[in-house]
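S.K.: Chain by chain, the residues run as shown.
Number of protein chains: 2
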Amino acid sequence: MYLAQPWAFLSLRTHGGFADGLLALSFHRWIKFEEKVEDGGERWSKPHITTLSLHSLFELRTCIKKGTVLLDLDAHSLKQIVEKVIATQIDAHVLRPEVRKKLTSVLLRTPQHHTTKSQLRIVAELGAACCRGEYCLGYHPHFPLSLSEAEVSNILVGEVDFLEKPFIAFIRLQEAVGLGALTEVAFPSRFLFILLGPRAKVKAYHEIGRAVATVLTDELFQRVACQAQDREDLIAGIDEFLDELTVLPPGKWDPTIRIPPPKCLPSPHKRYQRGKTQQLSGALLLKSRAGHTHGHQPVSEELQRTGRLFGGLVKDIRRKVPWYWSDFYEALNIQCFSATLYIYLATVTNAITFGGMLGDATDNMQGVLESFLGTAVAGAVFCLFAGQPLTILSSTGPVLVFERLLFSFSKDYSLDYLEFRLWIGLWVAFFGLILVATEASYLVQYFTRFTEEGFCALISFIFIYDAVKKMLSLADNFPVNWDYKINDVTLYGCICNSSGTGRSRLPPVGRQGLEAANWSLLTRTECLRVGGHLVGNSCNYMPDITFMAFILFLGTFLCSMTLKSFKTSRYFPTALRKLVSDFSIILAILIFCGIDAILGLETPKLIVPSEFKPTNSQRGWVVFPFGVNPWWVCLVSTVPAVLVIILIFMDQQITAVILNRKEYRLQKGAGFHLDLFCVSLLMILTSVTGLPWYVSATVISLAHMDSLKKESTTSAPGDQPKFLGIREQRLTGLVVFILTGVSVFLAPVLKYIPMPVLYGVFLYMGVAALNSIQLMDRIQLLLMPAKHQPDFMYLRHVPLRRVHLFTLIQVLCLAALWILKSTVAAIIFPVMLLALVGIRKAMECIFSQQDLSWLDDIMPEKDRKEEEEKLRSSQEKEESDSEDVSRAGKIPQDIRTSKPGKCDLDGITSNKRVAINASMSNWEGVSSEVSQGSVLVHY
Amino acid sequence: MYLAQPWAFLSLRTHGGFADGLLALSFHRWIKFEEKVEDGGERWSKPHITTLSLHSLFELRTCIKKGTVLLDLDAHSLKQIVEKVIATQIDAHVLRPEVRKKLTSVLLRTPQHHTTKSQLRIVAELGAACCRGEYCLGYHPHFPLSLSEAEVSNILVGEVDFLEKPFIAFIRLQEAVGLGALTEVAFPSRFLFILLGPRAKVKAYHEIGRAVATVLTDELFQRVACQAQDREDLIAGIDEFLDELTVLPPGKWDPTIRIPPPKCLPSPHKRYQRGKTQQLSGALLLKSRAGHTHGHQPVSEELQRTGRLFGGLVKDIRRKVPWYWSDFYEALNIQCFSATLYIYLATVTNAITFGGMLGDATDNMQGVLESFLGTAVAGAVFCLFAGQPLTILSSTGPVLVFERLLFSFSKDYSLDYLEFRLWIGLWVAFFGLILVATEASYLVQYFTRFTEEGFCALISFIFIYDAVKKMLSLADNFPVNWDYKINDVTLYGCICNSSGTGRSRLPPVGRQGLEAANWSLLTRTECLRVGGHLVGNSCNYMPDITFMAFILFLGTFLCSMTLKSFKTSRYFPTALRKLVSDFSIILAILIFCGIDAILGLETPKLIVPSEFKPTNSQRGWVVFPFGVNPWWVCLVSTVPAVLVIILIFMDQQITAVILNRKEYRLQKGAGFHLDLFCVSLLMILTSVTGLPWYVSATVISLAHMDSLKKESTTSAPGDQPKFLGIREQRLTGLVVFILTGVSVFLAPVLKYIPMPVLYGVFLYMGVAALNSIQLMDRIQLLLMPAKHQPDFMYLRHVPLRRVHLFTLIQVLCLAALWILKSTVAAIIFPVMLLALVGIRKAMECIFSQQDLSWLDDIMPEKDRKEEEEKLRSSQEKEESDSEDVSRAGKIPQDIRTSKPGKCDLDGITSNKRVAINASMSNWEGVSSEVSQGSVLVHY
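First to last, the sequence lines map onto chains A and B.
Numbering of the first sequence is given in full-length UniProt numbering, commencing with residue 1 and proceeding in unit increments.
Numbering of the second sequence is given in full-length UniProt numbering, commencing with residue 1 and proceeding in unit increments.
Among these hints, one or two may not hold up.
When chains are identical, the list treats them as one kind, so a pair holds in a single copy or across two.
Here are the computed lysine-lysine pairs in the DSS-like style, where the Cα-Cα straight-line distance is at most 25 Å [said to hold, decoys possible]: (1) K722 x K787; (2) K722 x K709; (3) K470 x K203; (4) K710 x K787.
Calculated from the structure, these hints are not laboratory results.
The task is simple: from the sequences and hints, build the whole structure.
M.R.: Given below as structure tokens:
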């Protein structure tokens with residue numbers, strides 16, 4: 001069920017001058033917000049909130065009171081309408097019969113539409129603005145209906161010289177009819193408002209016209225207008241509208257400012273509730289505030305325990321299976337293509353980086369090729385079968401540390417590393433399956449925002465730190481001669497010197513004469529191969545490379561940032577900007593690869609293994625469980641396996657919690673149990689084949705999701721594009737890992753990509769992931785004087801010092817984690833993540849539940865208590881409110897809450913007369929309550 | 001005379017719960033805008049516009065109607081006030097005597113102030129917010145009065161359990177008294193509003209309290225409240241306030257959004273006028289629109305012709321003399337120090353650049369030293385005596401082209417260049433003096449925005465182009481070996497080879513043996529000095545320098561931009577941000593000089609001449625008029641002199657017009673005649689001494705002004721800092737040129753500044769100058785879809801296609817000028833500037849006067865016609881309005897326009913009773929006019 005969006009296409013025309021030279025002064029329209037044809041008539045203004053003077057609303061009220069109100073007029077053309085309206089007024093002796101002809105001709109004058117847009121374009125624009133309301137049609141995001149049902153209201157105001165008093169008419173047609181050229185778009189009209197008056201007041205008429213339009217675009221008034229039976233009903237509707245107005249004081253606000261539409265609007269439902277809460281007593285208000293459960297997320301369906309073995313896993317599978325087919329066809333979008341390229345490059349770079357480090361740590365028992373192969377196989381399998389296929393698997397830091405320790409332990413005690421590792425892996429998989437069977441994943445509820453953010457920030461910092469470290473080590477590999485003197489160019493040089501042993505004194509070409517000359521013709525590698533060595537003060541320096549590398553690094557980073565934010569710039573059409581933003585990282589990579597290729601310097605390039613064989617020739621593709629190590633090793637392995645399973649569980653599940661955050665609006669649900677199940681099974685596979693172990697990678701997965709964000713592009717002018725969710729599918733991930741697998745054959749293409757460009761992408765990913773967490777906002781608050789701080793909701797409710805304290809604790813935890821992971825103690829890192837949950841728990845002693853509910857989530861146990869309390873207090877509330885509510889709004893509840901639909905007049909008659917209480921008694925009611933007097937107040 | 005700013009310090013406290021546990025719910029204050037103590041009570045919210053519900057205003061109206069109103073109560077403490085108010089109510093039988101004690105104790109309860117700020121800080125803050133109004137004091141930017149006169153209003157609302165009906169009181173004290181702890185600040189209070197009511201409605205009471213506060217901070221209501229004689233007067237004031245409200249429709253606006261204070265507020269004067277314009281008839285409205293003279297600048301006093309010889313010059317001197325002393329002491333500000341450093345560096349760089357080019361063009365007859373000397377002398381003299389001392393003199397492009405042509409002409413015809421030039425200079429000075437005598441500067445009125453922008457954009461583009469060109473030529477001077485292969489390091493080298501003539505084969509050290517070894521020890525310069533030459537494939541390459549230079553160049557530019565915009569960031573206190581912003585360029589220069597010094601690469605540095613002697617030894621310091629050339633040369637010189645005087649006049653005056661733009665709010669006036677007079681006299685000086693000719697330099701002068709902008713720092717919370725003008729003084733310019741003169745002695749310091757850093761500053765200056773012109777905004781519009789375009793005022797009034805056409809014409813003119821100045825025809829460049837005025841004139845055939853008035857200024861002749869027409873139409877308007885105006889506002893004009901002052905009650909009695917028309921008849925008046933009925937409408 002979707003809440004209705006109040007919507008109407010409304011046009012207002014104001015004419016000035018005399019009847020013979022009827023001159024259009026202005027033309028306005030309301031699709032959702034007000035737009036005005038600017039002076040010169042070629043341009044719609046930006047959509048803005050309609051600001052009125054209270055004046056004009058009261059004048060409108062008088063107009064409805066005094067003017068002709070024709071409800072359910074049976075007419076099928078403008079001519080008929082005009083004739084009937086004039087006849088009514090003449091019959092009532094309000095209009096002199098002499099002016100009938102003049103008036104008819106003025107009203108039937110075909111208006112000139114002030115717009116540069118063709119009819120077609122406007123219809124197309126409207127087609128985009130699917131909507132619901134009396135004037136419009138059912139709104140369902142998945143099935144935008146055809147607009148044949150949309151309706152238009154028309155307002156005509158102006159001054160003429162032959163009238164002494166204003167000619168006012170409010171008309172509702174029995175059936176909506178097309179009024180031809182009167183309406184800007186080819187939709188039928190149901191409501192018309194006409195105000196023609198004597199000279200000299202056109203500005204006031206114009207304001208009344210705007211007031212009618214504003215009232216008619218109001219969702220509640222639309223219902224009233226559709227169901228009204230007489231003038232009094234309409235006036236009651238206006239009074240209700242007046243009652244809900246927000247007013248801005250004069251002198252503090254310039255009325256000519258056009259207020260842009262807000263990011264989010266109050267739902268009509270909320271407006272209905274307003275009457276209720278307004279009357280709360282102080283004591284109750286305090287209570288309802290204390291019980292504020294804003295941050296509270298009820299335990300999601302995915303994490304409820306079934307109590308059966310593998311119950312969670314079964315539920316996960318049942319939940320995911322129906323989506324399986326859509327997981328593939330929903331990937332048919334250009335955005336997925338961009339995401340695939342982006343994540344592919346990130347994954348390949350990651351595989352190379354980790355592969356290199358693993359090779360280093362394990363004497364190439366696991367090297368770059370194993371890393372590629374493992375990433376491809378594990379990733380692809382995970383994407384095919386996991387609960388959350390948006391997750392990207394990768395080697396992670398803690399696993400790397402563990403492998404290093406394990407390898408050196410094996411070496412010290414002469415154990416076979418791969419066989420030992422196989423047993424650990426099998427045990428880990430076994431423990432993992434136990435965790436799945438016992439539905440242990442329900443524990444992730446305890447990972448509140450505090451834990452998530454700590455983990456996410458840490459991983460992001462590691463990304464940034466690694467990117468910079470890589471760049472600095474690159475500068476070490478390509479040293480710059482900082483002391484280079486231009487004047488000393490003749491003194492620099494590097495020659496191949498043969499002053500080694502006698503045997504290698506001669507170059508291999510031959511041992512003839514001209515020896516020296518021959519030596520000097522050898523390149524660096526040739527020289528070293530034949531055993532010479534390099535002598536000279538320029539041998540160790542490599543000009544320009546480092547500078548070029550830094551330019552590429554920072555350039556890629558800044559270019560990605562700029563292109564990403566291009567979406568919110570003002571230039572070029574939305575579609576183009578969105579495309580550029582979606583492809584920002586790919587574009588940045590291409591641009592800087594291009595620059596690098598054009599300049600042609602020998603910057604370090606991406607080099608992937610091009611042969612398919614184990615990096616270390618001593619190992620094969622399958623590890624056998626017995627053979628080298630003593631038999632008891634398979635039992636001893638349980639000890640490290642416990643450590644690893646904690647690591648895997650924490651790493652995997654925190655990432656899963658982050659990816660399944662409510663704000664990403666995932667439709668297909670999470671699969672915590674299924675994910676862990678897949679990871680456990682993959683443990684077996686990777687242990688048997690001696691490939692690295694894989695677990696969810698936070699930063700790359702976040703980048704993956706970020707590149708798959710869906711936003712609404714189609715909306716009424718002024719509506720903000722809405723975040724609709726993520727393109728949840730399995731194809732992008734799958735293709736990424738297949739591409740990773742076949743990268744061995746892509747080596748000739750990939751070798752054009754400079755490493756600094758990829759490090760720039762890593763830097764971007766780290767910064768982007770950091771920006772997505774609230775912690776960074778709060779750290780920025782530390783640097784801002786209170787008066788410049790943005791209007792965050794939690795700042796409205798939590799004292800600043802508490803916010804700062806919360807931030808500081810988080811930062812301290814982060815620092816502790818950072819120090820920990822930099823030392824050998826890194827292996828107990830996952831245990832420290834558990835400690836984070838403990839610290840968060842302990843913070844309940846320092847912070848009030850209310851503060852925590854704004855800054856973090858409530859921990860599960862408290863949750864239940866809260867809910868109970870809420871229930872109790874809301875019961876109390878209802879009791880004490882019952883009296884007030886009856887006074888709150890005079891429009892009966894059945895109009896306020898009735899399902900919006902077409903003006904069904906037969907329906908209304910059967911519903912009896914709609915009881916709309918006329919008169920402004922609702923104000924009087926409240927006022928007299930304050931004064932406790934019984935005298936009616938007349939304004 | 002400054003317009004009053006409505007202001008009041010107002011505090012609102014809402015209490016809830018029961019009398020025994022009176023619990024503060026919220027605390028608000030209004031200094032100019034509303035601030036709320038956020039939940040938790042430690043923090044003032046951001047100041048925001050008070051948004052109310054119409055509801056609460058009507059309730060307030062009822063409160064004033066039904067409650068106790070005590071005007072001119074004679075009480076000197078809160079206790080007295082409370083006692084008297086309660087007594088009044090008991091006497092009137094509104095209050096049961098039993099509650100007297102309870103009520104008194106509740107009202108006298110000392111409130112807890114919810115603020116983290118100490119009293120002192122708030123007073124200091126208030127001291128900053130100088131203001132005027134009933135509650136405050138005279139406002140004069142130059143003499144902020146002491147705040148001893150400021151007044152506070154207090155509003156107390158809350159719920160108690162012992163009352164059955166609300167206790168309402170509006171109190172005005174006869175004399176403002178300090179109420180001790182009740183008020184947050186130690187200012188006396190005059191107004192109090194008390195609303196205590198029975199349980200369960202505290203939220204409504206709170207809203208009424210906010211409504212009182214909003215009404216009391218309204219400037220017009222303040223006057224009413226101060227002079228009111230009874231309840232009816234107050235109600236009339238509220239009605240008047242209601243009449244001027246701006247309202248926002250429900251459903252389209254979320255009432256919880258806090259609206260930040262707008263950039264500019266309507267002046268109370270404008271509010272008074274509102275009533276007038278509102279009632280305009282359509283026909284008149286059209287007329288008044290067509291005659292809109294927004295862009296129109298009346299001929300300023302400086303440019304009115306006196307008709308006497310040298311009349312303008314005399315007037316200029318008379319205008320400037322009274323400011324002369326202040327031109328020095330007003331420079332005593334840290335901002336001037338920053339500006340001096342910044343402009344000094346720009347001037348020195350410019351002097352070196354132009355000096356180098358001039359030396360190139362004139363065979364060093366005018367070289368870098370002459371450029372330094374000339375800049376220093378001419379600039380200092382100009383700053384001392386000119387009409388607009390913010391102008392920075394410099395050599396300009398067209399002058400350079402002329403010198404080049406003149407020198408080659410002299411060479412071809414064997415004339416003495418300096419002597420020929422002397423005569424031209426003397427004639428130019430003579431023509432210049434004639435232009436001054438005939439007040440020709442009045443012609444600058446024809447330089448409309450169109451011409452100014454064309455010129456300014458051109459000069460800015462030249463700056464940017466030159467900066468980039470310099471960087472590229474630097475890359476040519478320090479070539480990068482793009483084909484460098486790391487592997488071939490052994491094959492690169494550069495040796496000093498002696499293969500020249502036999503004599504120079506041997507190095508000077510001695511002609512002993514080991515010849516080859518000696519040669520190889522020579523550096524580049526030594527080698528070339530002894531006649532050797534460099535052989536090798538690395539001789540022509542200089543590693544790293546170019547990359548480093550580009551990093552410095554772009555770094556300085558980006559750093560300047562970032563630091564400049566730091567002022568508008570949210571971080572750190574305002575004073576610090578302003579300091580950083582003011583010193584942005586100096587900081588950027590220092591940062592990148594530091595980086596350069598630390599890295600220590602041999603980047604090209606700023607080198608100033610360190611010896612004081614003519615660059616070319618063939619010339620002296622004085623040029624004699626006769627001697628070398630034939631006598632008739634002095635007559636022939638008139639021909640080029642005419643060309644030069646057009647050039648000088650155009651160059652000088654367009655820059656002067658740009659610098660004296662209205663938006664810079666210069667207080668001391670321009671001096672077009674005096675400036676030209678100074679330039680003419682300097683022509684004589686520089687011609688006689690053979691120094692370059694100088695004229696105003698647009699971009700550097702704009703940078704100079706930009707670095708001297710004054711902004712108001714002290715204002716009520718939420719007030720936007722206002723641009724107050726420029727620090728107009730002579731000292732910064734003077735010091736800049738003195739420093740330029742002594743730069744010869746500063747060489748040891750200046751040699752640490754790398755040239756790329758200075759080119760970065762030039763790039764920044766060009767971009768900053770470009771950003772200051774509307775043309776760039778309009779060019780950006782070309783790339784934006786209409787719906788994303790910003791809400792520029794001219795877009796509201798001129799059709800988009802017309803705007804684009806205007807922009808395109810300007811761009812074409814700019815392109816034509818650019819092409820022209822790049823060819824030899826550059827010498828007729830100033831004539832082309834005149835052509836620009838002609839094109840602008842011709843555009844009046846294509847564009848309507850109204851369009852041009854929005855996009856450009858009106859040309860002078862039209863101006864006069866416009867004015868006449870305006871006069872006529874305004875007369876008509878007044879006639880037809882006379883009737884309406886009387887209805888527009890019911891508050892008599894003497895209250896609306898009376899000078900705000902203290903509540904002087906004796907004064908009022910002598911002024912007779914203030915006739916405030918009670919009742920809402922002003923609405924009824926308007927409404928009934930529309931309906932033409934005579935029945936009174938009761939809401």
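S.K.: For every hint, state whether the structure bears it out.
M.R.: Each hint, compared with the structure:
1. Proximity of K722 and K787 under a CA criterion of 25 Å is satisfied inter-copy only: 18 Å between copies versus 30 Å inside one chain copy.
2. When the C-alpha separation of K722 and K709 is checked against a cutoff of 25 Å, the pair qualifies only within one copy, where the shortest distance is 11 Å, while the shortest distance between copies is 41 Å.
3. Neither within a single protomer nor between protomers do K470 and K203 lie at most 25 Å apart by alpha-carbon distance, with minima of 69 Å and 60 Å respectively.
4. For the homomeric pair K710 and K787, the shortest alpha-carbon distance between copies (22 Å) is at most 25 Å, but the shortest distance inside one copy (35 Å) is not.
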